[in-house]
Amino acid sequence: MEELTEHYGDQLRLEYHHYPLGFHKAAEPAAIASAAAQKQGKFWEMAHKLYDNYKELNTADYAAYAAEIGLDVEQFKKDFEDPEVIGLVRRDKAVGDKIGVRGTPSMFVNGRRISGRTLDDFKGIIDAELAATKALINKQTDVKAAVRKRMEAAPPNTDPKNAFPGGKTYLSYVIDDGKVEFSTEATPPPPPPPPVPKTVFNAVVNEGDPIKGPKDALVTIVEVSDFQ
Amino acid sequence: MARVRRPSNISVASKTPKAFIYIAVAVIAVAGYFIVQHNKGGEAENSEETAVASTDRSSALYAPAIGPEDAPVVFAKWTDFQ
Chain A
158 MEELTEHYGD
168 QLRLEYHHYP
178 LGFHKAAEPA
188 AIASAAAQKQ
198 GKFWEMAHKL
208 YDNYKELNTA
218 DYAAYAAEIG
228 LDVEQFKKDF
238 EDPEVIGLVR
248 RDKAVGDKIG
258 VRGTPSMFVN
268 GRRISGRTLD
278 DFKGIIDAEL
288 AATKALINKQ
298 TDVKAAVRKR
308 MEAAPPNTDP
318 KNAFPGGKTY
328 LSYVIDDGKV
338 EFSTEATPPP
348 PPPPPVPKTV
358 FNAVVNEGDP
368 IKGPKDALVT
378 IVEVSDFQ
Chain B
26 MARVRRPSNI
36 SVASKTPKAF
46 IYIAVAVIAV
56 AGYFIVQHNK
66 GGEAENSEET
76 AVASTDRSSA
86 LYAPAIGPED
96 APVVFAKWTD
106 FQ
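Taken in order, these protein sequences are the chains called A and B.
To convert, take the position in the first sequence, counting from 1, and add 157; that gives my numbering.
To convert, take the position in the second sequence, counting from 1, and add 25; that gives my numbering.
Next up, chain A with everything else stripped away, as it sits in the complex:
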């Protein structure tokens, strides 16, 4: 993404929207931490910290991250639990649901969902969009109005559950009033991991059973399975 912003300069605006997936248990607290950092003008710094540690995200570490990037830690802690800050994340996700986001990352260029993978894919899409938008600019239509027209003409989300009446899905939800419902309750702490079972089973290995490894190995793994 940074390469794209460097390449296109003032021609491109990159927006980050939160969509913490439900089965990514650490994703929502991390998103709220980034929104709390945003309150002090350091979203991107916190985002880099979170991405650097994405394999071991832990709420207990976020205050330390906040200190490392120079935030007022006490204020950060307050903001982390502030319903308004939590609401920023939840609202973004609710908007994502409305415009058809189901997985991450999901990307939109002037309201059009794209599915590029490589830098060249993205450049091709952005170049085409630049040409289409610039073609709309004239004495009556400035750049912002042209972008709005492109978003207005973007294909609507056809998901019957979330389709917006009138079809102006992206424009309606992301740019305009976009009323969506979301909860601002604090995130409950994750449940403790289930205890490791202590029952010891005596798995009998009979003569002739398919086996790999020596019979007198210190550890024996017994697999009971089928082929479907």
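Fair warning: there could be bad hints in the mix.
To be verified - Part of the chain A face toward chain B, derived, beta carbon under 10 Å:
| no. | residue |
| --- | --- |
| 1 | Leu-161 |
| 2 | Gln-168 |
| 3 | Leu-169 |
| 4 | Lys-182 |
| 5 | Ala-184 |
| 6 | Ala-187 |
| 7 | Leu-207 |
| 8 | Asn-210 |
| 9 | Ala-251 |
| 10 | Ile-256 |
| 11 | Thr-290 |
| 12 | Val-300 |
| 13 | Arg-307 |
| 14 | Tyr-330 |
| 15 | Phe-384 |
Claimed, not checked - The following residues of chain B were derived to be distant from chain A, with all beta-carbon distances above 10 Å:
| no. | residue |
| --- | --- |
| 16 | Ala-44 |
| 17 | Ile-46 |
| 18 | Val-50 |
| 19 | Gly-57 |
| 20 | Pro-93 |
| 21 | Val-99 |
| 22 | Phe-100 |
Hints were generated in silico from the structure; no laboratory data involved.
Cβ coordinates follow ideal geometry from the N, Cα and C atoms, glycine included.
Guided by the hints, dock chain B onto chain A, whose structure is given.
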């Protein structure tokens, strides 16, 4: 003994004074008013759990962004950190 039918335009004096009835009706009305107000308050408290975005809070307005507001191309990414 012959029964005498009472003319319908003659009312029987009630054992309950009218003033008592008026007071009872007034008490019920006031109690009803306070019950309705109490329920409204409860609904308001519950509504705090689910906030509805107001009309001046577009998603793009609060999105962290790089690049000018009047860029001809807006690249928006929905993602998470995990």
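Hints, verified against the model:
no. : hint    : in the structure
1   : Leu-161 : 7 Å, holds
2   : Gln-168 : 6 Å, holds
3   : Leu-169 : 5 Å, holds
4   : Lys-182 : 8 Å, holds
5   : Ala-184 : 4 Å, holds
6   : Ala-187 : 4 Å, holds
7   : Leu-207 : 4 Å, holds
8   : Asn-210 : 9 Å, holds
9   : Ala-251 : 8 Å, holds
10  : Ile-256 : 8 Å, holds
11  : Thr-290 : 4 Å, holds
12  : Val-300 : 5 Å, holds
13  : Arg-307 : 9 Å, holds
14  : Tyr-330 : 7 Å, holds
15  : Phe-384 : 34 Å, violated
16  : Ala-44  : 52 Å, holds
17  : Ile-46  : 48 Å, holds
18  : Val-50  : 42 Å, holds
19  : Gly-57  : 32 Å, holds
20  : Pro-93  : 5 Å, violated
21  : Val-99  : 5 Å, violated
22  : Phe-100 : 5 Å, violated
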